[in-house]
Amino acid sequence: DTEVTQTPKHLVMGMTNKKSLKCEQHMGHRAMYWYKQKAKKPPELMFVYSYEKLSINESVPSRFSPECPNSSLLNLHLHALQPEDSALYLCASSQEKGVFGTGRNTGELFFGEGSRLTVL
Amino acid sequence: TQLLEQSPQFLSIQEGENLTVYCNSSSVFSSLQWYRQEPGEGPVLLVTVVTGGEVKKLKRLTFQFGDARKDSSLHITAAQPGDTGLYLCAGGSQSTDKLIFGTGTRLQVFP
Chain U
838 DTEVTQTPKH
848 LVMGMTNKKS
858 LKCEQHMGHR
868 AMYWYKQKAK
878 KPPELMFVYS
888 YEKLSINESV
898 PSRFSPECPN
908 SSLLNLHLHA
918 LQPEDSALYL
928 CASSQEKGVF
938 GTGRNTGELF
948 FGEGSRLTVL
Chain G
2 TQLLEQSPQF
12 LSIQEGENLT
22 VYCNSSSVFS
32 SLQWYRQEPG
42 EGPVLLVTVV
52 TGGEVKKLKR
62 LTFQFGDARK
72 DSSLHITAAQ
82 PGDTGLYLCA
92 GGSQSTDKLI
102 FGTGTRLQVF
112 P
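Protein sequences appear in the order of chains U and G. Take 838 as the starting number for the first sequence in the working numbering and just add one per residue. Take 2 as the starting number for the second sequence in the working numbering and just add one per residue.
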């Protein structure tokens, strides 16, 4: 069983709707991530939060708005999405945000099962 | 742009066969992780390698990190249907300070 919980598992929304994806972890991890995954493709990084502060935004359109209310929760607010935004949205956490210079902090990710989003 | 190319893209084999998946880059990575993703689920970490030339074994899976830390391989012995899934390598990059995912290898093992 994954220790990163995502809700909802499936979401269908129209282009004018506002919805949110939620992610929760209770492993005491201080880094949390949103990834987008299209069918048969690897995950693409969207956002990274480290100690509840936004650390990386991979030039994601503003119709996606992340929020980290506390160290256990991560939300992704969705508004005015396009059909091409339909994808599997994966939340992940790691003990700390990876620091890749030394090989000691490798930022190993624990993923949730994902929220499958369909935009009509 | 740093890229991690995996080969093959797709692999369809019979139960009991051996296989190797490759993960290659022109860039040096400080660490390399391998994940497996089953349909409808998120990726699950299999292993992390950090030292050039390092070899790690996980039951029937053997992982190797290249001496120059630019490539890695995953070898599965006597594949089973439960090994079916998308295999992803991911490299930790000092220059970008984030994890770069490989292009993925989709494995199907038939009984």
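Don't read these hints as lab results, they were simulated from the structure. Just so we're clear, the structure is a prediction, and the values are computed from it rather than from any experiment. The beta-carbon is built from N, C-alpha and C at its ideal position, and this holds for glycine as well. Hints should not be assumed to be uniformly reliable.
Partner residues are not named here, just some residues of chain U that face chain G (Cβ under 7 Å, in silico) [unchecked claim]:
hint, residue
1, A917
2, P920
3, A924
The calculated BS3-like cross-link candidates involving lysine-lysine, where the alpha carbons are at most 25 Å apart (straight line), are [claimed, not checked]:
hint, chain 1, residue 1, chain 2, residue 2
4, G, K71, U, K878
5, U, K875, G, K99
6, U, K890, U, K856
7, G, K58, G, K71
8, G, K99, U, K878
9, U, K859, U, K877
10, U, K877, U, K890
11, U, K890, G, K99
12, G, K99, G, K57
13, U, K873, U, K855
14, G, K99, U, K873
15, U, K859, U, K878
16, U, K846, U, K856
17, G, K57, G, K71
18, G, K58, U, K873
19, U, K877, U, K846
20, G, K71, U, K859
21, G, K99, G, K71
22, U, K859, U, K873
23, U, K846, U, K878
24, U, K878, U, K890
Okay, the hints, checked on the actual structure:
Among the interface hints, the one on A917 of chain U is violated; its C-beta lies about 26 Å from the nearest C-beta in chain G, farther than the 7 Å criterion. Because the smallest distance between the Cβ of P920 of chain U and any Cβ of chain G comes to about 21 Å, over 7 Å, the interface hint for this residue is violated. The criterion of a C-beta within 7 Å of any C-beta in chain G is not met by A924 of chain U, whose closest approach is roughly 13 Å, and the hint is violated. Of the pairs offered as hints, the one joining K71 of chain G and K878 of chain U holds, with about 22 Å between alpha carbons and a cut-off of 25 Å not exceeded.
Restraint check: the Cα-Cα separation between K875 of chain U and K99 of chain G comes to about 20 Å, which is no more than 25 Å; the hinted pair holds. Between K890 of chain U and K856 of chain U the alpha-carbon distance is near 22 Å, which keeps this suggested pair within the 25 Å criterion. With a CA separation close to 20 Å, the supplied pair K58 of chain G and K71 of chain G stays within the 25 Å bound. Proposed proximity of K99 of chain G and K878 of chain U is supported: the alpha carbons are some 18 Å apart, at most 25 Å.
With a CA separation close to 24 Å, the supplied pair K859 of chain U and K877 of chain U stays within the 25 Å bound. A distance of roughly 31 Å separates the Cα atoms of K877 of chain U and K890 of chain U; the hinted pair therefore is violated under the 25 Å criterion. For a cut-off of 25 Å, the pair hint linking K890 of chain U to K99 of chain G stands: about 16 Å separates their Cα positions. Restraint check for K99 of chain G and K57 of chain G: the C-alpha separation of about 23 Å stays at or below 25 Å, so the hint holds.
For the suggested pair K873 of chain U and K855 of chain U, the alpha carbons sit about 18 Å apart, so the restraint of at most 25 Å is met. For the hint pairing K99 of chain G with K873 of chain U, the CA-to-CA distance comes to about 16 Å; that is within 25 Å, so the pair holds. Taken as a hint, the K859 of chain U and K878 of chain U pair is honoured in the structure, with Cα atoms around 23 Å apart against an allowance of 25 Å. With a CA separation close to 13 Å, the supplied pair K846 of chain U and K856 of chain U stays within the 25 Å bound.
Only pairs whose Cα atoms come within 25 Å are accepted, and K57 of chain G paired with K71 of chain G is accepted, the gap being roughly 17 Å. Restraint check for K58 of chain G and K873 of chain U: not satisfied, since their Cα atoms lie roughly 30 Å apart, outside the 25 Å limit. A threshold of 25 Å between alpha carbons decides the hint, and for K877 of chain U with K846 of chain U the separation of about 19 Å falls inside it, so the pair holds. Restraint check for K71 of chain G and K859 of chain U: not satisfied, since their Cα atoms lie roughly 36 Å apart, outside the 25 Å limit.
Proximity of K99 of chain G to K71 of chain G is assessed by CA-CA distance (about 16 Å); at most 25 Å being required, the pair is judged to hold. For the proposed pair K859 of chain U and K873 of chain U, the alpha carbon gap of about 14 Å is at most 25 Å, so the pair holds. A hinted pair counts as satisfied when its Cα atoms are at most 25 Å apart, and K846 of chain U with K878 of chain U qualifies at roughly 19 Å. In summary, the hint linking K878 of chain U to K890 of chain U is not supported, as the alpha carbons are separated by about 28 Å, beyond the 25 Å threshold.
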